[in-house]
Amino acid sequence: MMVSIATAFLGISLLLALCVLCHQRRKLIKAEHALPLINDQYARVSYVNLMNATNSFASENLIGIGSFGSVYKGTMISHDQEVVVAVKVLNLQQRGASQSFIAECETLRCARHRNLVKILTVCSSIDSGGLDFKAIVFDFLPNGNLDQWLHHRLREHGTHSRIDLVQRIDIAIHVASALEYLHHYKPTPIVHCDLKPSNILLDNDMVAHVGDFGLARFVHQDQTNPSDISSGWATRRGTIGYAPPEYGLGNEVSIYGDMYSFGVLLLEIFTGKRPTDSDFVQDLNLHRYVQIALQDQQVTSVVDQKLLQFCRSEFCARRNFQKTAC
1 MMVSIATAFL GISLLLALCV LCHQRRKLIK AEHALPLIND QYARVSYVNL MNATNSFASE
61 NLIGIGSFGS VYKGTMISHD QEVVVAVKVL NLQQRGASQS FIAECETLRC ARHRNLVKIL
121 TVCSSIDSGG LDFKAIVFDF LPNGNLDQWL HHRLREHGTH SRIDLVQRID IAIHVASALE
181 YLHHYKPTPI VHCDLKPSNI LLDNDMVAHV GDFGLARFVH QDQTNPSDIS SGWATRRGTI
241 GYAPPEYGLG NEVSIYGDMY SFGVLLLEIF TGKRPTDSDF VQDLNLHRYV QIALQDQQVT
301 SVVDQKLLQF CRSEFCARRN FQKTAC
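With the first letter of the sequence shown counted as 1, position 272 gets the number 272 in UniProt numbering; the numbers rise by one all the way through.
Any given hint could turn out to be false.
Said to hold, decoys possible - Okay, derived cross-link-like pairs now, DSSO-like style, lysine-lysine, Cα gap no bigger than 30 Å in a straight line:
hint	residue 1	residue 2
1	Lys73	Lys118
2	Lys273	Lys306
3	Lys273	Lys73
Note that these hints are calculated values from the structure, not bench results.
With the hints as extra help, turn the sequences into a complete structure.
Below, the structure is given as structure tokens:
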């Protein structure tokens, strides 16, 4: 009798295990085929590959947290060589994260430019707990993002980041070049929708690369009409302070919205102040702050003081060099 019960129990257990395995298999197959927009040019990687690359997504490898997920530094093997990568893991519990994944993959599948981040591969699978898992692997850009440099966060080497005037101008030109490419992309122009310093990454040579296309949209051929936008999936339209006011009124996104964000970015690059700075209260904002200084011919009063200090030190160093040479 006991043998019969044990046999029956074992049979039921095996049947349940088989059902679970079949369910997980179907879920994995479904996940792997959930991305019809992604081109086969990207060789897929597995969840296990990314676990190994990031040391199980260890906290010491965490290099950034965004609206829809976290970014980890990792090391992968390509053609028998180690390659340092950035792995963006989507937080699928966050509303809009899955659509953001599709939008970013589709945009970067189509668009290729020296001042855009480069996508290497993608992963759409299930994790060790059986939950949906989505990640995008990018080139790792070692100099972080522009926000870190402008606002002097401590870097890995324990020294403060500093960028001079020429570097700031170069970065502005790089971003403008990327926007020009996106807005004139054929057959369908692309609107980034979330341009800000933290979405501008810097490589070893301080060349800027525009990233985070999770809110990007494609516009119709008639891009002169700002309301002529292909149907979008998200209600969010950029970040407070960088998005144009009309977005808050429910207007459709357009390339002009990107240009507004670029203008705010330029002001931040040269003043060192965020548009959400605590100094800006009531009717005073970043635009008005600079406008008043220009009207009063007090431009240096709004220029980033750290930039002025750097320029003064450079001037003194050159003057001392000239004196020594004489």
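Hint-by-hint comparison with the structure:
no.: 1; hint: Lys73 x Lys118; result: holds (15 Å)
no.: 2; hint: Lys273 x Lys306; result: holds (11 Å)
no.: 3; hint: Lys273 x Lys73; result: holds (29 Å)
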